[in-house]
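Chain G is fixed; fit chain B onto it per the hints.
Protein chains: 2
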Amino acid sequence: MLSVAASRLGFKTVIFEPGGDCPASHVANYHHKADYDDEAALKAFAQAADVITYEFENIPTSALDIVEAITPVRPGRTALRVSQDRLTEKAFLADLGLAVAPYAAVDDEIDLTEAVAEIGTPAILKTRRFGYDGKGQARLKGPEDIAQAFADMNGAPAILEGFVKFDYEVSVIGARGLNGDFASFTPGENVHKDGILDTTTVPSRLSVQAMHEAQGMAARILEKLDYVGVMGVELFVTKQGLVVNEIAPRVHNSGHWTQNGCAIDQFEQHIRAVAGWPLGDGTHHTNVVMTNLIGDDVSKVPDLAQDSANAIHLYGKSEVKAGRKMGHVNRVTGPAG
Amino acid sequence: MLSVAASRLGFKTVIFEPGGDCPASHVANYHHKADYDDEAALKAFAQAADVITYEFENIPTSALDIVEAITPVRPGRTALRVSQDRLTEKAFLADLGLAVAPYAAVDDEIDLTEAVAEIGTPAILKTRRFGYDGKGQARLKGPEDIAQAFADMNGAPAILEGFVKFDYEVSVIGARGLNGDFASFTPGENVHKDGILDTTTVPSRLSVQAMHEAQGMAARILEKLDYVGVMGVELFVTKQGLVVNEIAPRVHNSGHWTQNGCAIDQFEQHIRAVAGWPLGDGTHHTNVVMTNLIGDDVSKVPDLAQDSANAIHLYGKSEVKAGRKMGHVNRVTGPAG
Numbered sequence: 132m133l134s135v136a137a138s139r140l141g142f143k144t145v146i147f148e149p150g151g152d153c154p155a156s157h158v159a160n161y162h163h164k165a166d167y168d169d170e171a172a173l174k175a176f177a178q179a180a181d182v183i184t185y186e187f188e189n190i191p192t193s194a195l196d197i198v199e200a201i202t203p204v205r206p207g208r209t210a211l212r213v214s215q216d217r218l219t220e221k222a223f224l225a226d227l228g229l230a231v232a233p234y235a236a237v238d239d240e241i242d243l244t245e246a247v248a249e250i251g252t253p254a255i256l257k258t259r260r261f262g263y264d265g266k267g268q269a270r271l272k273g274p275e276d277i278a279q280a281f282a283d284m285n286g287a288p289a290i291l292e293g294f295v296k297f298d299y300e301v302s303v304i305g306a307r308g309l310n311g312d313f314a315s316f317t318p319g320e321n322v323h324k325d326g327i328l329d330t331t332t333v334p335s336r337l338s339v340q341a342m343h344e345a346q347g348m349a350a351r352i353l354e355k356l357d358y359v360g361v362m363g364v365e366l367f368v369t370k371q372g373l374v375v376n377e378i379a380p381r382v383h384n385s386g387h388w389t390q391n392g393c394a395i396d397q398f399e400q401h402i403r404a405v406a407g408w409p410l411g412d413g414t415h416h417t418n419v420v421m422t423n424l425i426g427d428d429v430s431k432v433p434d435l436a437q438d439s440a441n442a443i444h445l446y447g448k449s450e451v452k453a454g455r456k457m458g459h460v461n462r463v464t465g466p467a468g
Numbered sequence: 132m133l134s135v136a137a138s139r140l141g142f143k144t145v146i147f148e149p150g151g152d153c154p155a156s157h158v159a160n161y162h163h164k165a166d167y168d169d170e171a172a173l174k175a176f177a178q179a180a181d182v183i184t185y186e187f188e189n190i191p192t193s194a195l196d197i198v199e200a201i202t203p204v205r206p207g208r209t210a211l212r213v214s215q216d217r218l219t220e221k222a223f224l225a226d227l228g229l230a231v232a233p234y235a236a237v238d239d240e241i242d243l244t245e246a247v248a249e250i251g252t253p254a255i256l257k258t259r260r261f262g263y264d265g266k267g268q269a270r271l272k273g274p275e276d277i278a279q280a281f282a283d284m285n286g287a288p289a290i291l292e293g294f295v296k297f298d299y300e301v302s303v304i305g306a307r308g309l310n311g312d313f314a315s316f317t318p319g320e321n322v323h324k325d326g327i328l329d330t331t332t333v334p335s336r337l338s339v340q341a342m343h344e345a346q347g348m349a350a351r352i353l354e355k356l357d358y359v360g361v362m363g364v365e366l367f368v369t370k371q372g373l374v375v376n377e378i379a380p381r382v383h384n385s386g387h388w389t390q391n392g393c394a395i396d397q398f399e400q401h402i403r404a405v406a407g408w409p410l411g412d413g414t415h416h417t418n419v420v421m422t423n424l425i426g427d428d429v430s431k432v433p434d435l436a437q438d439s440a441n442a443i444h445l446y447g448k449s450e451v452k453a454g455r456k457m458g459h460v461n462r463v464t465g466p467a468g
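From first to last, the protein sequence lines are chains G and B. So the first sequence is numbered by the numbering used here: it starts at 132 and just counts up by one. So the second sequence is numbered by the numbering used here: it starts at 132 and just counts up by one.
Keep in mind that a hint or two might mislead.
When chains are identical, the list treats them as one kind, so a pair holds in a single copy or across two.
[Said to hold, decoys possible] In silico lysine to aspartate or glutamate, EDC-like type, Cα no more than 20 Å apart, as pairs:
#1 LYS448 x ASP181
#2 LYS143 x GLU450
#3 LYS452 x ASP427
The set of hints was computed from the structure by calculation and includes no laboratory data. Here the structure is a predicted model, which is why all the values come from computation and not from measurement.
Here chain G stands alone, though its shape is the one from the complex (with noise of 0.2 Å):
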């Protein structure tokens, strides 16, 4: 989607993915399948571009190295290094001053029994690194779940983080552009199933003051980390103001409406940011409802193709997984305001 939305601007694309097949190669003018320790390819590939961004934040420290020392990668490796540790992530937070879950870091069981003594249950266990979609997580619903979470984690360093009691979660995508201007869509409410987003509902239910101090949230976030490009910042609202969930530095999808709701949506956001264009202020001027097409939910294409308010976005995967985000759909809901 970032690639379909470079296009649009007249820029071409050059894509760097181990996996051969993979959707952005469907719309690139270039494809480099090679491993991240392919040092000849990432050169190849850093030297075909004018400017390098990604959608996935656990690239190799290694393979940034060699592709930064030729060409610019935004958004850049503070906001990397952050996002890529929980632990590191909710330090960064709590310094700013925002709102974020009890949290403790876990490196063995004696801290984690300290953890669950000091933050209670129920609470998650998390794997600092590399979890998504609700992987690498353990839930303790009591001090007896402490063990069998504790060997979840294969050892891995872990962060324990106490529930936060939340009326709904809101998104805020954020931009910064190369010249430091600061813009955010409209944000939106967010149900997950599963751990793995569902639903994000525009507009949400936030308050004009409550949207305004979210977004002032994101600003915050983003300015602090110089960052340059989209970022999803998720947030719990509680009856004692916003608690920042977490923060992930790339497109996000509970901001997949705006293909939809937006005359510039999060993709061209994006583009528009690392590549130096102006940024779009990032109103809707359409309400829509965005649904996840999760795994064997592609079965309801054909009736959800039947509805023209349904905008129907496949991602061309070639295999259908339980679990595996196939595609979208954004509901046309009726106009903004």
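Just chain B, lined up with the frame of chain G:
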């Protein structure tokens, strides 16, 4: 833009285009760069595809014969045959009982003299084949222009068309599915400059009744041609009613606004039709003004990009030329209705 729409529905695309570095190749899986008389390349192309479509009506018949023997080509040959020849097209429309401009075949200068006597001036002489965007045309203000106009045709078979006194022009972007279903986008109002489309505004000034009449005319044309895909139908709005200007058996420049005004745009509508999917209903959710970026107009892009209401679409053409369509801007002007 067709490749991008296809990718959105999860399809992969293969392009056949004699030129190198063509815009479609930037967003396609594979580009067969070969001439239209390269039989082996045509066969390899056809074998790689489940269905073939086109966005250019002057494909040599011999090339179509080769690919059609292997893979279905949609829209089919009838529509191409009719629209490749302005004389055949006019006769087809008149036979359907639709109003067209007065016309006469012109094979030599005597024909032209007789046609001018019959139709009067001002009139316009056009080559029967291969003309577009004002190319292959000569205007006659009076009988004194006959010799020059005839010379301008370079001996090509031509057609003289009388001028139609019209208030404005509209386009109906119609679509017909594999199952015979018809759908039409909200008609847009066109303004031309120097023989090239300048802007399309949606909605047009058409009354609801005239809009339905225009859509009904398009439905009859597509039905009669047993058409599958999207077709552009240009209509003059006159005091005496609607007059068909011309038809184009493909996605049409005057339908580019649909990218930002509809959940399902004309490009996806065309892909849906040729792939046998259900059609979108064509109702717009957002008002749009589309403006073409011709030649040096691309230098306005940095300014246009400052305004978030402007959705910019650039085609990635490698060279700017006077009169060349380099892109377009869809300006979102408010909610429909």
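Verification of the supplied hints:
Taking the shortest Cα distances, LYS448 and ASP181 sit within 20 Å of each other only across copies (18 Å), while inside one copy they are farther apart (28 Å). Taking the shortest Cα distances, LYS143 and GLU450 sit within 20 Å of each other only across copies (14 Å), while inside one copy they are farther apart (27 Å). Within a single copy, LYS452 and ASP427 get their C-alpha atoms as close as 8 Å, which meets the 20 Å cut-off; across copies the closest is 49 Å, which misses it.
The earlier numbered hints are all upheld by this structure, with none contradicted.
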